[in-house]
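S.K.: Chain residues, written in single-letter form:
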Amino acid sequence: MPEIDAAVLVLPPSLSKPPQPAVVVRARGLSKRYGALEAVREVDFTIEAGECFGFLGVNGAGKTTIMKMIYCRIARSAGELRVLGLDAASHAQEIKQRIGVVAQENALDPELTALENLLLYASFFGITGAAAKRKAAQLLESLSLTGKEQSRLQELSGGMKRRLVIARALVNDPEMLVLDEPTTGLDPQARLLVWEKLSRFRESGLTLLLTTHYMEEAARLCNRIAVIDEGKILAEGSPLELIDRFAGQDVLEVIGGDEELPDERTVAALVRRRERHGGVHYLYNSDNRVLLHRLAELGFEPKRHVARAATLEDVFLNMTGRELVE
Amino acid sequence: MSPLAAFFRPNAWRVFRRNMLAWQTYAWSSLAINIVEPFAYFVALGFGLGAYFTVTGYGSLVQFIGPGLLGFTAMNTATFDASWGCFERRVFNGVYESMVTAPVHPLEIAAGEYLWQACRAVMYGLLFLGVLAVFGLGHTFWVLLCPMILALSGIMFAIPALFVSMIVKTQEHLFYYFSFVATPMAMIGGVFFPLDKLPHWALTIAWFTPLYHAVNIFRALVLGRVGPSLLIDAAWIVAAIILLSYLPTRAIRNRLGN
Ligand SMILES: Nc1ncnc2c1ncn2[C@@H]1O[C@H](COP(=O)(O)OP(=O)(O)OP(=O)(O)O)[C@@H](O)[C@H]1O
Ligand SMILES: [Mg+2]
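Chains D and E, in that order, give the protein sequences. Residue numbers 1 to 326, in my numbering, belong to the letters of the first sequence in order. Residue numbers 327 to 584, in my numbering, belong to the letters of the second sequence in order.
Hints listed in this document are in silico derivations from the structure and should not be mistaken for laboratory results. Zero decoy hints are in this set.
Which residues of chain E face chain D? A few of them, derived with a C-beta cut under 8 Å, are: (1) Asn-337; (2) Arg-340; (3) Gly-420; (4) Val-421; (5) Glu-423; (6) Thr-427; (7) Val-430; (8) His-431.
Heads up, the beta-carbon is just placed ideally off N, CA and C, and yes, glycines get one too.
With the hints as constraints, model all of the structure from the sequences given.
M.R.: Here's what the structure looks like:
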């Protein structure tokens, strides 16, 4: 039997460890100040290659400000920010060359046709001539815009404009696509279509970074979500983790006054968390049937109630409050 | 990147191309507007007023005003589009906003705009030169130098206009620039009347305005009265472009830069 040289079995350190996912964005203590206003306050996050990371927050939470720092439109006030391994402050042009950006405002050129918009944008990346035309045709097709080449902006619907901006952001085959509220203001059909396209990009391995107000959007598209409020990250995790951690599995909404439920101490013992807003009691718990059964045992059978599963919306509203912030 | 180096970057020429593409959709109206105004001045002053006056050393007022209006046209086309047009492109149409999400440097945008204003000044200037030719002016080989001077003038007038478009809050504030800077400059630039009878201080002020030097050159080229003093005027224009180009860099970076 041949003797096995033990040394041969010692693998180089890079192979013995599981492969480390590449970090696409890394922020540490990232802050942005506008005069006296602290729009972003020392946030930390890491986005890995191939994932879809979402920032969820109300108006004015600081989502756009974070996005703009990532796509090098504005400079940070403090902290560290690396995109594709490069410092965002000193390598803006290189980063812009390698990422795709869908800004909150469409910023399509109203004096050019849809095709001209794409070709001009491609030229800024050095993509010109036949290669640019081929790329543009392929992108228009993949975003279901074939036939709209010669249309001007005013002839396109809101959903088409948004898809055109997404197509434009893909001309340089970006390593990451940054989308600031990709579906705000779109009707349900248009939104579904954008979701479908984004899911496809995600499946093809493209790293996505998006912001949204819509829980459904975040739950559907994102592997990981950071809930952000007043410039701070309140929580971070997968949609299911966040629901489990901050809302529980079920929510029982009891409509009516205090007389519908037992005293506060008794209720607190039955649920994970309770909240009251606008004549509705929100009881976060692990199983609505069990809770209703217990309440019945105590002699309470709320006539008007809604028993449903907890959603990301509950997480979000739990954290940021049910009141309108503005 | 220096503002002058930006002229040589491919992206500056792509910004130029974008404006050319957009211009093609409204070329006719733009040509009409930019030719009617100098033509109206030319006819009203040259022939209307010119029926009563002659200008010492020039004969008719037509001879004097015609070439002067060439400088006036270059100033107007470049000033208007680099202020009003650039404001629109930056604020209302998001044209620059999308450029800076792509790897276009803010100074490349500025350089592309200057190049475009040079092109406009050449196009409208040559058109007006054609009008002058119909009236018997500029039948000399010296007019072949006009395109170059028109281009330089376009750049020179575009720089301060773009600067103003970058610092004003609303588009209406641009009228301050038109009323307080551009119009007085046209009056004192030697377009409409000779400056030699003005007091010395007025002449000194005129010497420091860009239009004065442009008008000097155009008049000399169109009338074929070329002398070595034109080299000073040309040097003045080139120096002005170099020095002025640094004026808006901070404002441009504040608005569009990282
Ligand atoms: N250029 C600016 N100058 C001053 N304050 C600003 C500027 N841009 C944003 N802010 C402020 O920074 C805060 C965060 O704004 P940001 O646009 O990042 O919010 P957001 O989460 O994107 O909101 P929305 O959902 O409405 O888009 C807000 O209070 C806003 O008023
Ligand atoms: Mg925003």
